[in-house]
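Q: Each chain, letter by letter, is given below.
There are 2 protein chains.
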Amino acid sequence: MSREQLTVAELSEGELLARIFPRLNKPLNQPLNAGGSLLLGPGDDAAVVAAPDGRTLISIDTQTQDQDFRLEWNNGYRTTGYDVGWKSAAQNLSDINAMGGTALSLVVSLTMPPGTPVEWVEDFADGLTAGIAGLGAAECSVAGGDLGRGRELAVTVAIVGTMHGLPAVLRSGARPSDCLALAGTVGRAAAGLALLESEVPLAGLTTVQRAIMDSQCRPNPPLAAGPQGAAAGATAMMDVSDGLLRDGSRLAAASGVILDLDPVALKSLAVPLEAASALLGTDPMDWVLGGGEDHGLLATFPATVQLPSGFTAIGSVHAVAEGQHSGVRIAGMPADTVGWDHFAD
Amino acid sequence: MSREQLTVAELSEGELLARIFPRLNKPLNQPLNAGGSLLLGPGDDAAVVAAPDGRTLISIDTQTQDQDFRLEWNNGYRTTGYDVGWKSAAQNLSDINAMGGTALSLVVSLTMPPGTPVEWVEDFADGLTAGIAGLGAAECSVAGGDLGRGRELAVTVAIVGTMHGLPAVLRSGARPSDCLALAGTVGRAAAGLALLESEVPLAGLTTVQRAIMDSQCRPNPPLAAGPQGAAAGATAMMDVSDGLLRDGSRLAAASGVILDLDPVALKSLAVPLEAASALLGTDPMDWVLGGGEDHGLLATFPATVQLPSGFTAIGSVHAVAEGQHSGVRIAGMPADTVGWDHFAD
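Residue numbers (our numbering), protein chains in the order written: chain G, 11 to 355; chain D, 11 to 355.
Among the hints, a few may not be true.
Simulated coverage check for chain D against chain G, where a stretch passes if three residues somewhere in it have a Cβ under 8 Å from a Cβ of chain G [to be verified]:
| hint | segment |
| --- | --- |
| 1 | 25-33 |
| 2 | 50-59 |
| 3 | 107-117 |
| 4 | 149-155 |
| 5 | 225-231 |
Keep in mind the hints are simulated off the structure, nothing from the lab.
Quick caveat: nothing in here was measured; it's all calculated off a predicted structure.
Just so you know, even glycine gets a beta-carbon here, dropped at the ideal spot from N, CA and C.
My request is simple: use the sequences and hints to build the entire structure.
A: Below, the structure is given as structure tokens:
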């Protein structure tokens with residue numbers, strides 16, 4: 011039997027784990043877990059992770075086949091285990107980043123149909139560790155996990171992190187006159203999704219278009235920005251996972267403010283998407299305002315603060331006047347009156 | 011439309027969360043989170059949990075429909091959302107217990123087909139919190155979660171806990187001449203599974219048989235025993251989730267020892283299962299040696315230590331003689347030669 015045909019049904023859980031463990035926590039681009047936060051790793055009933063300031067940030071996220079990714083896309087691309095591993099790491103690392111924290115460790119539960127190739131699982135483990143290392147989460151280790159069977163592939167990652175002594179940055183702290191800023195990209199993963207779902211075959215994409223497509227499969231959240239934002243005094247932060255308008259509305263509601271987006275800044279966010287929008291005949295502003303999954307970081311800072319490296323001003327925070335509701339505006343106009351209401355929550 | 015027919019597809023995520031949040035962290039049998047370990051609860055990108063001694067225990071477990079539970083059983087019983095919530099809590103609380111720790115908080119990811127009744131989800135949330143309270147995990151809160159769609163129901167819980175300053179009790183610390191002890195039950199959940207899968211209709215069960223069946227749906231791990239075992243100086247601990255022989259073999263291998271089970275003690279563990287074994291014509295010893303999911307606690311203690319409350323001696327620990335392998339024996343005989351080899355790993 012060729013190696014490609016070996017499926018998880020043919021291995022015991024112990025045999026499968028023996029193929030996965032060596033792929034976790036090994037040095038890739040840089041040493042993982044350089045901070046030594048993993049006090050007890052996989053293999054016992056639970057792992058032990060250091061919590062240096064006596065608090066632990068925790069979050070959980072699931073990706074399910076055909077809901078969060080397709081195994082095969084309309085344009086012919088096949089999602090690899092590496093992609094799913096990378097994206098699982100990125101999504102969860104972003105949640106810690108969005109609090110201003112640093113990820114210390116994650117645990118992963120992988121549910122698979124019995125016919126899943128073992129190679130896919132090995133590739134998943136490689137993508138998970140490559141995502142951690144490649145995104146710069148040098149203090150993060152893989153602490154353990156759970157393997158199980160199901161009718162569809164599903165990956166759940168839970169992640170813990172530390173604030174290194176700083177207060178966590180909530181969604182609720184934005185104040186009138188604050189500057190609204192963004193780190194990382196928006197709309198790029200949505201443009202990538204549009205390419206994956208398009209009739210344009212994979213082989214027909216330019217290098218730039220292919221890189222946009224890859225942003226959907228292996229997103230690149232700005233992990234340095236969270237702790238830098240917290241240290242610089244960000245008043246509110248969240249990651250943009252459902253789109254600038256929807257997530258912005260949530261931050262505005264939690265803080266009881268209005269976020270006013272600057273149209274010039276929005277236009278400059280759309281420029282890098284033009285290679286995809288020109289091909290597909292789409293308005294790139296739809297992706298900028300409605301696209302999630304880049305896991306860019308939306309933050310507010312007091313106007314007196316110099317924005318930390320990686321952040322760009324994209325608007326400002328205003329008080330809710332009498333008769334108004336909290337929400338997102340574009341150049342002072344309610345966002346849902348300027349053509350993007352199909353993104354409303 | 012009657013309330014029974016409302017499905018999750020008819021509610022937005024925000025509307026569904028609004029029905030779930032009030033059911034979490036409310037007092038049930040006793041106040042949840044009495045220790046105040048949840049510093050920031052659900053609603054932001056991550057939660058913040060206290061880690062009083064600067065370390066965090068972490069574990070993750072998934073339950074998938076038709077793998078870990080059936081929605082409808084052969085005997086007519088229908089698994090409720092409450093059952094699945096309770097069992098999710100029990101399984102994960104047990105992992106922290108098995109290290110000797112105390113659970114502080116959990117996060118939950120629920121994947122559901124669109125046709126899932128909203129009432130099932132509310133019932134799940136109630137079962138989760140009732141499990142936490144009913145099992146005595148008074149310091150444990152629900153810190154957050156994730157909702158998603160899939161073709162089958164799946165629940166993943168990740169849990170964090172504290173050792174309250176004590177060292178974590180690993181599987182690898184058992185030493186020759188230690189006493190082998192058990193807290194909680196074994197075989198009861200397996201007997202319950204046999205009842206659920208039997209042809210004996212639900213209505214035909216006695217109260218005692220029904221209670222055994224319920225142990226499969228809503229297990230009762232001995233959560234006080236873990237921290238008490240750690241405080242008393244347990245050398246090794248693990249929870250019995252795959253059966254006394256399989257899990258015992260893992261502890262024996264990790265410690266490099268032989269665990270010798272006492273046949274008299276095993277027989278007394280079988281007695282409470284006779285109401286089910288007599289009905290089904292089964293040897294209850296199969297359940298005692300092979301049954302998991304009660305999440306009883308297997309532990310070793312120095313022979314000089316008085317066993318803490320809740321633990322019963324069931325055997326002893328021996329060195330591996332030349333030519334032997336680590337493993338489980340019964341009255342000195344390799345367990346796989348005395349009729350239970352179909353449970354071997």
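Q: If you test the structure against every hint from before, which numbers come out violated?
A: Of the numbered hints, 1 and 5 do not hold.
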